[in-house]
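Student: Line by line, the protein sequences give chains Z and S. Under my numbering, think of the first position of the first sequence as 1, with each following residue one higher. Under my numbering, think of the first position of the second sequence as 247, with each following residue one higher.
Among the clues, some could well be false.
What the hints assert, rightly or not - Derived, one-sided and incomplete: chain S residues facing chain Z with beta-carbon distance under 8 Å: (1) W257; (2) T316; (3) S391.
Said to hold, decoys possible - Label pairs and their calculated CB-CB ranges: (4) E305/S to F229/Z: 25 to 31 Å; (5) G176/Z to V397/S: 50 to 56 Å; (6) E305/S to D32/Z: 22 to 28 Å; (7) H226/Z to G377/S: 48 to 54 Å; (8) E403/S to E74/Z: 47 to 53 Å; (9) S24/Z to C401/S: 28 to 34 Å.
The set of hints was computed from the structure by calculation and includes no laboratory data. Fair warning: this is a prediction, and the values are worked out from it, not measured in the lab. Using N, Cα and C, we set each Cβ at its ideal position, and we do this for glycine too.
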Amino acid sequence: MIAYLLALADDALVSSQRLGWWISRAPQLEEDVALANIGLDQLGQARSLLTYAAGLEAAGRDEDDLAYFRDEREFRNVCLVERPMTDFGVAMARLLLFSTWQHELYTRLTGSTDETVSAIAAKAVKETAYHRDHAQHWVIRLGDGTEQSHDRMQAALDAEWPWLAELFDSSFLDPGLVESGVAVDPAALAEPVSAGVAAVVAEATLDLPDAPPAHSRGRHGLHTEHFGFLLAELQHLARSHPGVTW
Amino acid sequence: MSATLQRTRAWQVAAGVPDPELPVVTIEDLGILREVTEDDQGRVHVQITPTYSGCPAMETIREDLVAALTAEGYLGVTVEFVLSPAWTTDDLTETGRARLAAHGIAPPGPAPGAAGGPVALRLSVRCPRCGSPDTRELSRFGSTSCKALWVCQACREPFDHFKAH
Numbered sequence: 001m002i003a004y005l006l007a008l009a010d011d012a013l014v015s016s017q018r019l020g021w022w023i024s025r026a027p028q029l030e031e032d033v034a035l036a037n038i039g040l041d042q043l044g045q046a047r048s049l050l051t052y053a054a055g056l057e058a059a060g061r062d063e064d065d066l067a068y069f070r071d072e073r074e075f076r077n078v079c080l081v082e083r084p085m086t087d088f089g090v091a092m093a094r095l096l097l098f099s100t101w102q103h104e105l106y107t108r109l110t111g112s113t114d115e116t117v118s119a120i121a122a123k124a125v126k127e128t129a130y131h132r133d134h135a136q137h138w139v140i141r142l143g144d145g146t147e148q149s150h151d152r153m154q155a156a157l158d159a160e161w162p163w164l165a166e167l168f169d170s171s172f173l174d175p176g177l178v179e180s181g182v183a184v185d186p187a188a189l190a191e192p193v194s195a196g197v198a199a200v201v202a203e204a205t206l207d208l209p210d211a212p213p214a215h216s217r218g219r220h221g222l223h224t225e226h227f228g229f230l231l232a233e234l235q236h237l238a239r240s241h242p243g244v245t246w
Numbered sequence: 247m248s249a250t251l252q253r254t255r256a257w258q259v260a261a262g263v264p265d266p267e268l269p270v271v272t273i274e275d276l277g278i279l280r281e282v283t284e285d286d287q288g289r290v291h292v293q294i295t296p297t298y299s300g301c302p303a304m305e306t307i308r309e310d311l312v313a314a315l316t317a318e319g320y321l322g323v324t325v326e327f328v329l330s331p332a333w334t335t336d337d338l339t340e341t342g343r344a345r346l347a348a349h350g351i352a353p354p355g356p357a358p359g360a361a362g363g364p365v366a367l368r369l370s371v372r373c374p375r376c377g378s379p380d381t382r383e384l385s386r387f388g389s390t391s392c393k394a395l396w397v398c399q400a401c402r403e404p405f406d407h408f409k410a411h
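Only chain Z is shown next, with the shape it has when bound in the complex:
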């Protein structure tokens, strides 16, 4: 159960950290604000999930301990969200994949037999619908835009697509959680998420990549070379000044 909560929490936390990088770097001021808002929603989802995980663990840790004092191998996020993104097209391609998946996931988790999971999902589902909507607008605008924006959007989609498959990896999850209705089988999300993305890709006049999945094992604690640098930035303050508060 804790592994499942950490996986969902770490996806949201790490995605939020990457989106924060865009503040002051997005193509428009409005987009700085948009990506900050989306990251803030994801951070809130991560906080709720980490707080619940820490309570179940009952080891005297809280959400901050889990966010700031775990090492790289203890994080369970997929590699999709941890890779750097310096191209706005990549940011939107990734947000499309991630928010489409999050929205499908949380829609189903509103019916979780675990009351806390269901309550967290009921809030997240409304937020992720708005994030997905935002990503869809941009992917369509850029894909069906100028020759240059089309080519960059296609390149971004090609780069992100192989990392999508890890979100459907069930191998880390206790099958009992799916049977008892607490969790959603990640594999069951593959079809609806792919279909949702494909519809947007078609409207954006882009081609759906057919590249094989990347060898991605973030759910098992094996991350890309970029992740340590992300954690160093995320955890630096809390580790240098333990107990620091605003």
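The hints should help you fit chain S onto chain Z, whose structure is shown.
Tutor: Showing chain S alone in chain Z's frame:
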């Protein structure tokens, strides 16, 4: 023994706490004050719910609630965050909507339907300054999670719109 004290003195004190980011409305106006109970020792327990998962105002509201109730003589004030049922903009009170509009923030229309549905098309948003329905969205995200930025085509003034959620 504890009892729900809606509309009692403890509720009224809690209900008067303003939202730190939108101080023209109280937490009661916003519909995020869920329950205020007092046990026979005089300890008050308050339940509030966040608007958005990442709403950064929650800690400040907690501190403001403790300060306001303590100042009124209540001791042992505790504040609990509850998630269920999820807050929606339909929880805003009529007073809250009127106060937002008077402050130049266009209040939300009806919240989008059941979870999982598409983001609903909005009806025309009236300019809170001149009342014209001839307005358009400038940015889907605004200065706080709960607002979007709009502009009036009639009087040309930009304004905040409280997003239906």
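Student: Which hint numbers doesn't this structure obey?
Tutor: Of the numbered hints, 1 and 2 do not hold.
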